[in-house]
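Asks: Single-letter residue listing:
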Amino acid sequence: MTIQFAFDPEWASVLTAPFMLNAIKAGLLISLAAGIMGYFTISRHSTFAAHALAHIGLPGATGAVLLGLPVSLGLGAFALGGALVIGALGKRVADRDIATGTVLAFATGLGLFFARLSSSASQQMQSILFGSILTITDDQIMGFAIFDAVLLLVLAVIYRPLLFSSLDEQVARAKGVPITLMNVLFMAIMAGVITIAVPAVGTLLIFALVVTPAATASMLTRSPFAAIVVSCVLCLVSIWGGLVLSAMFPTPPSFVIVTLSTLLWAVAKLVCRER
Amino acid sequence: MGSTPSDGGNAVILRNAAVRRGGRTIWSHGDFSIPRGTVTAIVGTNGAGKTTLLDAELGLVPLSSGSIEVLGTPAGQSNRRIGYVPQSYISGLDSTITARQSVVLGLTGTRFGIHFVTRAERSRAEEVLEFVGLADKADYRLNELSGGLRQRAAIAQALVGGPELLLLDEPLANLDIASQRAVVELLARLNREWDMTIQVVAHDLNMLLPILTGAIYLLDGHPHYSSMNSVLDSKLLTHLYGTRVEVVTTPQGDMFVTPNVRLEPEGREQDTHDVREAALFHHHDAGNGNGEDR
Numbered sequence: 043m044t045i046q047f048a049f050d051p052e053w054a055s056v057l058t059a060p061f062m063l064n065a066i067k068a069g070l071l072i073s074l075a076a077g078i079m080g081y082f083t084i085s086r087h088s089t090f091a092a093h094a095l096a097h098i099g100l101p102g103a104t105g106a107v108l109l110g111l112p113v114s115l116g117l118g119a120f121a122l123g124g125a126l127v128i129g130a131l132g133k134r135v136a137d138r139d140i141a142t143g144t145v146l147a148f149a150t151g152l153g154l155f156f157a158r159l160s161s162s163a164s165q166q167m168q169s170i171l172f173g174s175i176l177t178i179t180d181d182q183i184m185g186f187a188i189f190d191a192v193l194l195l196v197l198a199v200i201y202r203p204l205l206f207s208s209l210d211e212q213v214a215r216a217k218g219v220p221i222t223l224m225n226v227l228f229m230a231i232m233a234g235v236i237t238i239a240v241p242a243v244g245t246l247l248i249f250a251l252v253v254t255p256a257a258t259a260s261m262l263t264r265s266p267f268a269a270i271v272v273s274c275v276l277c278l279v280s281i282w283g284g285l286v287l288s289a290m291f292p293t294p295p296s297f298v299i300v301t302l303s304t305l306l307w308a309v310a311k312l313v314c315r316e317r
Numbered sequence: 032m033g034s035t036p037s038d039g040g041n042a043v044i045l046r047n048a049a050v051r052r053g054g055r056t057i058w059s060h061g062d063f064s065i066p067r068g069t070v071t072a073i074v075g076t077n078g079a080g081k082t083t084l085l086d087a088e089l090g091l092v093p094l095s096s097g098s099i100e101v102l103g104t105p106a107g108q109s110n111r112r113i114g115y116v117p118q119s120y121i122s123g124l125d126s127t128i129t130a131r132q133s134v135v136l137g138l139t140g141t142r143f144g145i146h147f148v149t150r151a152e153r154s155r156a157e158e159v160l161e162f163v164g165l166a167d168k169a170d171y172r173l174n175e176l177s178g179g180l181r182q183r184a185a186i187a188q189a190l191v192g193g194p195e196l197l198l199l200d201e202p203l204a205n206l207d208i209a210s211q212r213a214v215v216e217l218l219a220r221l222n223r224e225w226d227m228t229i230q231v232v233a234h235d236l237n238m239l240l241p242i243l244t245g246a247i248y249l250l251d252g253h254p255h256y257s258s259m260n261s262v263l264d265s266k267l268l269t270h271l272y273g274t275r276v277e278v279v280t281t282p283q284g285d286m287f288v289t290p291n292v293r294l295e296p297e298g299r300e301q302d303t304h305d306v307r308e309a310a311l312f313h314h315h316d317a318g319n320g321n322g323e324d325r
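Respectively, the protein sequence lines represent chains A and B. Using our numbering, read the first sequence as starting at 43 and increasing by one per residue. Using our numbering, read the second sequence as starting at 32 and increasing by one per residue.
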């Protein structure tokens with residue numbers, strides 16, 4: 043057996059195919075959502091909770107296939123349910139890694155169980171776990187665009203209180219910021235971001251798309267707003283770069299997206315250490 | 032600024048205040064008033080409810096009886112006029128936000144909707160950073176600052192809104208002696224130059240001693256206030272901390288020492304007291320009407 047890692051000379055034509063055009067549009071919309079929420083995920087120390095939400099969404103996704111419903115609907119419903127529970131329990135409880143990790147493992151197992159109940163769910167399992175950005179439909183893109191618009195609107199309203207409560211929850215609470223509302227809103231939006239990012243890289247690789255670019259951006263910038271902008275750009279570079287490279291050297295796009303995101307992070311880490 | 036007639040020049044007034052949490056009374060019979068312009072330490076053993084007292088003054092913890100009045104209004108209604116620095120400022124440890132931005136958030140962080148930071152807000156932040164001695168480090172990230180500087184950044188954030196009362200929870204914990212001294216000097220200047228009323232939760236009173244006008248001590252489940260002279264009693268302190276404490280007068284001023292009994296010769300008696308005995312110490316506190324414990 044040989045590993046095929048050949049250059050595809052026809053790659054430019056692949057890039058102009060309709061499915062690639064959809065992937066490029068989706069990449070832009072996903073980057074916007076993931077880049078913005080990634081920054082807050084890091085500043086709120088909720089990276090593990092974000093990772094867990096994707097896994098909690100898995101049984102929803104495979105269960106939806108079982109029932110003949112859209113994958114995103116099941117994934118979104120389960121992620122949102124998990125998000126509301128974690129958000130209502132509060133930041134400190136969400137940090138209980140063992141409880142979150144246990145639920146995460148159970149949810150993943152349940153996802154597998156649902157998948158095995160039907161052959162169609164079984165077929166979709168791979169793309170739910172690892173993403174399938176090249177099969178994104180026009181309807182999904184419309185959904186992403188609506189979600190992004192809602193996200194921007196909500197964040198425009200809660201930006202400063204959310205930032206303040208991320209920096210210091212106790213002080214923000216004393217000054218009258220509604221902490222529980224901030225927690226619940228943050229987690230609910232997070233569930234939405236997970237739901238739209240899973241089609242790109244899948245539930246297993248989501249960390250590299252939602253958290254890693256924001257972590258890189260935090261190293262490179264000194265203001266929250268700049269970090270958010272850079273985080274979106276890094277996300278976009280990873281996704282678009284992943285699409286182009288996977289067209290040139292036929293490989294799974296998810297793999298290249300995650301690799302680029304990780305490389306950018308590693309380089310930033312090294313550069314910052316050198317200073 | 033300025034006191035309203037109802038509070039009689041007091042920043043904080045407790046009337047028979049009690050707090051219960053999870054079915055357990057944390058403390059009760061809180062009955063004292065703290066004048067404006069004073070620096071007060073809040074002392075007591077671990078778990079005595081020092082932080083709970085701050086929370087109660089901020090209205091974050093409901094009282095099971097009595098009332099607390101802060102800056103002339105019921106607790107929780109004047110929080111915009113209170114600067115609050117919570118314990119050890121953990122969030123700063125890995126926060127990539129700069130000192131300046133955290134101070135600006137102290138002004139703008141409660142605002143919903145789109146607002147741009149005004150020139151006046153920026154210069155106010157600058158002024159406060161200057162006051163705490165962070166002007167040259169304003170663009171450092173919080174995680175790049177030492178513990179002492181991070182504590183000053185937290186104080187700057189609490190000050191930027193122009194509070195009349197400053198509450199600090201263990202501001203000296205985990206700081207080296209030079210940093211502790213710098214923070215104490217900062218509090219002294221705040222009290223002197225801005226006439227700030229200050230309350231400090233503290234384990235070690237020695238550092239604060241020169242600037243204190245009084246102390247709230249949480250003893251036997253009750254908070255008591257007394258001026259500095261009566262707190263400086265070794266019998267009371269010994270009981271308060273559950274270990275032997277002596278007051279030593281040195282050329283630098285009064286100092287507390289805690290000799291280790293196990294290292295001392297046989298026969299020396301440790302000076303501790305039962306509840307009834309300790310209650311007698313509260314009679315030191317003449318003048319504000321809470322000499323009686325019940």
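Since the hints were derived computationally from the structure, they do not count as laboratory data. Glycine included, every Cβ here is placed at the ideal spot set by N, Cα and C. Among these hints, one or two may not hold up.
[Unchecked claim] Some but not every residue of chain A turned toward chain B, in silico, with C-beta under 8 Å:
| hint | residue |
| --- | --- |
| 1 | Ala198 |
| 2 | Arg202 |
| 3 | Arg264 |
[Claimed, not checked] Here are the computed distance ranges between Cβ atoms for each label pair:
| hint | chain 1 | residue 1 | chain 2 | residue 2 | range |
| --- | --- | --- | --- | --- | --- |
| 4 | A | Val145 | B | Gly78 | 25 to 33 Å |
| 5 | A | Gly143 | B | His234 | 29 to 37 Å |
| 6 | B | Gly78 | A | Leu109 | 28 to 36 Å |
| 7 | B | Asn77 | A | Leu126 | 29 to 37 Å |
| 8 | B | Arg111 | A | Thr222 | 52 to 60 Å |
| 9 | A | Ala187 | B | Pro105 | 44 to 52 Å |
| 10 | B | Ser154 | A | Leu154 | 41 to 49 Å |
| 11 | B | Ile208 | A | Leu154 | 54 to 62 Å |
Asks: Next, verify each hint and record whether it holds.
Replies: Structure-based check of all given hints:
Restraint check, Ala198 (chain A) versus chain B: the minimum CB separation of about 5 Å is within 8 Å; hint holds. Because the closest C-beta pair between Arg202 (chain A) and chain B is about 5 Å apart, less than 8 Å, the hint holds. Because the smallest distance between the Cβ of Arg264 (chain A) and any Cβ of chain B comes to about 5 Å, under 8 Å, the interface hint for this residue holds. Between Val145 (chain A) and Gly78 (chain B) the C-beta distance comes to about 32 Å, which sits within the given range of 25 to 33 Å.
Hint check: Gly143 (chain A) to His234 (chain B), Cβ distance near 35 Å, so the stated range 29 to 37 Å holds. Between Gly78 (chain B) and Leu109 (chain A) the Cβ separation comes to about 52 Å, which falls outside the hinted range of 28 to 36 Å. For Asn77 (chain B) and Leu126 (chain A), the Cβ-Cβ distance of about 36 Å falls inside the hinted range of 29 to 37 Å, so the restraint holds. The supplied range of 52 to 60 Å is broken by Arg111 (chain B) and Thr222 (chain A), whose beta-carbon atoms lie about 20 Å from each other.
For Ala187 (chain A) and Pro105 (chain B), the Cβ-Cβ distance of about 48 Å falls inside the hinted range of 44 to 52 Å, so the restraint holds. Checking the proposed 41 to 49 Å range against Ser154 (chain B) and Leu154 (chain A) shows it is violated: the Cβ atoms sit about 59 Å from each other. A C-beta distance of roughly 58 Å is found between Ile208 (chain B) and Leu154 (chain A), which places it inside the suggested range of 54 to 62 Å.
Hint check: violations occur at hints 6, 8 and 10; the rest are consistent with the structure.
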